[in-house]
Amino acid sequence: MTHSDALADLLRQRIIDGEFMPGSRLSESALSNQFEVSRNTLRETYRALAEQGLLTHVPHRGVSVSAPSMADVVDIYRCRRTVECTTMRGSRPEHPAVQRMADALHLAETHLAAEDWLGIGSANMAFHEGIVALSDSPRLMRMFRNVAAELRLVFLTLDDPHALHAPFVASNRRVLTVFTAEGPEAGALELERYLLNSERSVLGAYTRANRA
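Residues in the sequence shown are numbered from 382 upward in steps of one, following the working numbering.
Each statement offered as a hint is correct.
So the derived label-pair ranges between C-beta atoms look like this: (1) D398 - T558: 26 to 36 Å; (2) G585 - R555: 14 to 24 Å; (3) D517 - R424: 26 to 36 Å; (4) S518 - P474: 12 to 22 Å; (5) R581 - E409: 30 to 40 Å; (6) A448 - A544: 12 to 22 Å.
These aren't lab readings, by the way, just hints derived from the structure by calculation. By construction, the Cβ of each residue, glycine as well, lies at the ideal position given by its N, Cα and C atoms.
Using the sequences plus the hints, can you model the full thing?
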């Protein structure tokens with residue numbers, strides 16, 4: 382792994398953790414000093430993350446964190462349904478990644494009690510990464526981390542975290558319960574319903590915020 386690859390992984394994780402707001406400008410000098418890397422390495426990282434849709438380069442204005450559009454939301458959820466539902470349908474409730482899902486869900490429920498919306502968002506991402514981990518595919522996991530980072534930017538674009546995140550915790554609980562109790566096919570159908578409802582909720586929030 383090159384320095385730019387390692388830095389891209391780090392910045393991607395920070396986006397998933399909600400540390401960068403959509404539209405915020407990234408200072409080349411500040412980040413190169415913070416991570417003790419050359420500006421050339423940082424620029425390579427910027428290019429890689431821009432290709433993944435996480436950063437946007439505007440000539441004469443520098444690099445900023447992407448702000449996903451409604452079209453991006455539709456495509457993100459299309460990708461999620463394809464990857465997550467297919468993965469769950471082909472897995473089994475005894476897979477070790479189920480414990481990863483359960484741990485993430487427990488953490489989300491703890492954050493919900495404290496109304497820690499940023500923490501809930503991170504735990505939600507971890508739960509769905511656990512679903513993809515059912516695939517035992519490092520390539521799918523790498524791809525999904527990019528999707529998870531874009532999805533986090535979607536949620537950060539909106540300003541109603543309670544309405545967005547609170548229902549998802551209960552939905553994740555239902556998905557896990559159905560998957561473990563009734564099997565992969567039933568779990569995948571429950572997951573598909575959840576993702577469709579989530580997409581409608583997010584698109585509705587975008588419409589109310591007048592974001593295209």
